[in-house]
Amino acid sequence: MKKKDDNISAMSVPAVGEAGKTGDWRDMRPVHDPAKCIPSIKKKAACFLCWLYCPEGVIKATIPLEIDLEYCKGCGICAEECPGKAITMVNEGEKNG
Amino acid sequence: MPENLFKVNIEEYMLPGQRACQGCGLSLAYRYVLKALRENTILTFPACCLTVLHGLYPTTSVTIPALNNTFASTAASASGIVAGLNALNRTDITVVAIAGDGGTFDMGIQALSGAAERGTDFIYVCYDNEGYMNTGTQRSSATPMGALTTTTPVLTKQQPKKDMLRIMEAHDLPYLTTTSPAYPIDLYDKFVKAKRIKGSRYMQIAVPCPPGWGYAPKDTVRIGRLAVETGVVVLFEIEDGKFRFTGRSKTLAEKGNKLPVINYVERQGRFRKMSIEQLRQLQRWVDTRWNEYLKRAEG
Amino acid sequence: MAEVRIMTGNQAAALGAKLSYVQVVAAYPITPQTSVTEILSQFIEGGELKAEYIRVESEHSALTVCISASTVGARVFTSTSSQGLLYMHEQLHWAAGSRLPIVMCCVNRGVGAPWTIFNDQQDSISQRDTGWIQIYCRDNQEIIDSIIQGYRIAESVYVPVMICYDGFVMSHTMMPVEIPDAELVSDFLPPYKPHTILSPENPMNINPVLFPWRRANAEGVLCDGYMEMRYKLQKALDESRDVIVSTGRAFAEAFGRDHGGMVWHYKTDDADMVLTGMGSVATEATTAADMLRAEGIKAGVVGIRVFRPFPKEEVREAFGKTKAIVIFEKGISYGYEGALCSEIKAAFYGTDIRLPIHNYIVGLGGRDVKARELAEAVRSSLDAIASGDTEPAPKWLNCFTE
Chain B
56 MKKKDDNISA MSVPAVGEAG KTGDWRDMRP VHDPAKCIPS IKKKAACFLC WLYCPEGVIK
116 ATIPLEIDLE YCKGCGICAE ECPGKAITMV NEGEKNG
Chain R
208 MPENLFKVNI EEYMLPGQRA CQGCGLSLAY RYVLKALREN TILTFPACCL TVLHGLYPTT
268 SVTIPALNNT FASTAASASG IVAGLNALNR TDITVVAIAG DGGTFDMGIQ ALSGAAERGT
328 DFIYVCYDNE GYMNTGTQRS SATPMGALTT TTPVLTKQQP KKDMLRIMEA HDLPYLTTTS
388 PAYPIDLYDK FVKAKRIKGS RYMQIAVPCP PGWGYAPKDT VRIGRLAVET GVVVLFEIED
448 GKFRFTGRSK TLAEKGNKLP VINYVERQGR FRKMSIEQLR QLQRWVDTRW NEYLKRAEG
Chain P
4 MAEVRIMTGN QAAALGAKLS YVQVVAAYPI TPQTSVTEIL SQFIEGGELK AEYIRVESEH
64 SALTVCISAS TVGARVFTST SSQGLLYMHE QLHWAAGSRL PIVMCCVNRG VGAPWTIFND
124 QQDSISQRDT GWIQIYCRDN QEIIDSIIQG YRIAESVYVP VMICYDGFVM SHTMMPVEIP
184 DAELVSDFLP PYKPHTILSP ENPMNINPVL FPWRRANAEG VLCDGYMEMR YKLQKALDES
244 RDVIVSTGRA FAEAFGRDHG GMVWHYKTDD ADMVLTGMGS VATEATTAAD MLRAEGIKAG
304 VVGIRVFRPF PKEEVREAFG KTKAIVIFEK GISYGYEGAL CSEIKAAFYG TDIRLPIHNY
364 IVGLGGRDVK ARELAEAVRS SLDAIASGDT EPAPKWLNCF TE
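Residue numbers (the numbering used here), protein chains in the order written: chain B, 56 to 152; chain R, 208 to 506; chain P, 4 to 405.
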């Protein structure tokens with residue numbers, strides 16, 4: 056049921072996906088290999104530079120790593136910064152790895 | 208290393224699906240700015256990349272209250288929020304003005320100088336991506352010499368970067384600091400510290416911009432790091448007049464192994480027309496300033 | 004027994020703001036408005052008014068501070084003139100589009116280039132498109148009263164209000180003013196309830212970019228595009244007319260003074276010829292009307308008190324029965340004619356009202372406007388009309404135009 060806008064001046068409300076599903080922006084997506092991932096190997100909180108450096112905040116610092124592919128823009132910073140080379144950027148349309 | 212990471216506030220105030228570019232340096236920095244500032248904050252910012260990041264009506268990507276203002280008026284807008292909150296006896300909220308280099312070094316300088324001179328109790332953040340990026344990379348006074356922009360498309364920018372840090376230092380602020388998204392923990396710690404200080408606090412963030420600077424989005428952190436490694440960006444803070452290096456710059460100052468600026472410049476498309484003389488001038492400027500800072504850190 | 008004091012227009016303005024318990028003042032000095040800022044500083048630093056005074060570095064920042072302080076929920080005040088008003092021009096649009104109940108005094112002064120420090124109304128009239136309510140005062144009593152009314156009007160329709168009065172002619176001229184009783188004012192002005200929410204309790208992003216089209220929010224509610232938001236401003240201005248009139252009546256009941264609603268009349272019942280204008284020139288016209296009546300010319304005056312929203316119905320009614328209109332204006336829309344003249348003519352469109360309308364540009368840059376000159380202008384208009392010239396080009400009164 057669509058109601059009308061009662062605001063007399065423009066005030067926006069927070070919500071996910073303001074720019075839509077920004078995962079659609081990607082031409083390459085990050086693929087994670089737990090075998091090379093330091094926290095996954097150590098089975099404890101460690102490294103997580105991918106989480107630190109993600110400009111979108113769509114990486115969860117969990118074991119195994121979780122990347123929200125609905126919103127990941129595919130910038131590739133996580134892959135670039137991972138000291139274990141556990142993340143590879145793969146072309147969209149190709150299979151993982 | 209993870210110890211530091213997990214001291215950081217884990218709450219995310221920037222929701223996924225926001226409108227910033229792929230690999231945006233501002234986006235990365237902003238995550239940590241907001242984590243440090245937390246909920247009891249009111250933001251105000253002009254028309255700039257941040258406006259777009261915050262999103263278009265009726266949805267916003269940021270869960271902190273924010274007021275948009277006109278391009279020249281950011282620090283005045285913050286002054287008004289502070290005044291209004293004081294009048295209403297709401298003293299528990301941090302007021303933060305945040306603008307790009309255009310809205311700070313250029314059009315916003317009058318309002319900023321005025322607010323700082325009045326000792327307004329607010330934090331002013333300048334995210335410096337060295338150009339008017341939201342309108343497509345036109346030159347600002349923050350653009351370094353030798354850079355190509357759409358308004359310096361053939362000859363490159365002829366003037367050196369305006370030294371906004373010295374201008375703000377002349378306002379006798381209780382806290383002035385430089386930060387970088389390539390060093391998020393240093394940035395986070397400084398914002399946490401700033402939140403507790405009274406008076407006009409000036410925070411500059413050296414923000415790499417993939418489309419504006421001409422490098423691949425995956426290299427934002429690398430470029431940000433190289434800026435610091437070469438001394439083009441120096442991480443420091445001045446608290447009550449006392450200068451100190453922080454983070455990676457502190458290590459570089461102690462070890463004396465900063466890299467030549469060519470390492471930074473050669474990776475960016477915007478510098479492809481930089482002349483040898485301009486490069487030399489940049490190196491000279493970096494070295495002079497670095498030595499000045501070394502002296503200040505000792506004394 | 005109400006207190007009556009002799010005071011200047013600027014003193015009246017400062018007192019009006021003080022009585023309205025403004026909470027944030029941000030104002031910049033500019034002739035002839037400067038003493039408003041000084042008197043308010045005295046009130047605040049002297050402890051008579053508990054408010055934040057922000058000594059801004061420009062007029063653009065003055066209105067900006069008012070905008071954001073009002074957004075947070077404080078009652079705000081500023082004042083300016085001429086170049087200062089022009090400098091804050093983008094913020095005038097911003098304040099109206101933000102729907103903030105800001106009250107500002109514009110102490111009318113001509114604009115450069117070349118420089119003038121003296122009175123005309125080009126400054127405020129040229130801002131008529133910005134979405135502010137504009138009230139033009141006749142005397143210093145009306146200044147203090149209109150500021151108080153202004154807050155009540157602004158805070159009920161959420162449209163900013165500009166109280167205009169002539170620089171030097173009123174700002175620096177002393178007149179007797181009855182000071183409204185502070186408690187009565189307090190009863191007359193309920194506390195400001197902001198519609199804007201700028202608070203950690205309910206985080207929102209205020210005044211972001213709007214698309215040209217309507218757009219659904221996360222819950223599927225179709226929210227306004229830019230055009231709808233702007234339509235709401237126009238609608239508010241339309242609806243403010245009734246609020247302005249009822250506020251004037253409520254003020255008259257509480258304080259015993261009625262300044263008229265949208266327009267005021269002087270000897271118009273049997274007038275063959277009506278003079279009109281805004282502010283002190285309209286007051287001067289009443290003396291001219293008396294001079295003309297003494298010669299047997301049935302002249303009257305309709306003073307336009309509220310210029311925005313434009314009092315179309317009142318103008319049709321006020322001028323509908325007369326035989327000619329002479330409009331005296333302290334400004335001109337360059338390239339055409341006086342703005343008030345154009346708007347009065349436009350008000351008659353769609354009706355059967357057809358009558359000669361003569362436009363005189365007077366008093367620019369503070370050139371003195373004397374009642375006898377206005378009377379002389381009317382006489383010459385009557386002659387022109389008698390010889391068939393019903394719509395001459397605007398005449399510049401008492402100005403060397405060869």
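What the hints contain is simulated information worked out from the structure, not anything from laboratory work.
Just so we're clear, the structure is a prediction, and the values are computed from it rather than from any experiment.
Ideal Cβ positions, reconstructed from N, Cα and C, are used throughout, including at glycine.
Don't take every hint at face value.
EDC-like, lysine to aspartate or glutamate: derived pairs with alpha carbons at most 20 Å apart [unchecked claim]:
#1 R:Lys400 to R:Glu473
#2 R:Lys425 to B:Asp79
#3 P:Lys348 to P:Asp293
#4 B:Lys58 to P:Glu93
Label-pair distances were calculated between CB atoms; the ranges are [stated by the list, open to error]:
#5 P:Tyr339 to R:Thr495: 39 to 49 Å
#6 R:Ile217 to B:Lys98: 15 to 25 Å
#7 P:Pro117 to R:Lys480: 23 to 33 Å
#8 R:Arg491 to B:Lys76: 17 to 27 Å
#9 P:Glu222 to R:Lys449: 23 to 33 Å
#10 R:Thr298 to P:Glu93: 30 to 40 Å
#11 R:Thr495 to B:Lys98: 44 to 54 Å
Sample of chain B residues lacking proximity to chain R, with all beta carbon distances greater than 10 Å (derived) [what the hints assert, rightly or not]:
#12 Lys76
#13 Asp88
#14 Ile118
#15 Glu149
Query raised in the report: Any hints this thing doesn't respect? Which numbers, in order?
Result: Hints 1, 3, 4, 5, 7, 8, 9, 12 are the ones this structure does not satisfy, whereas the remaining hints hold.
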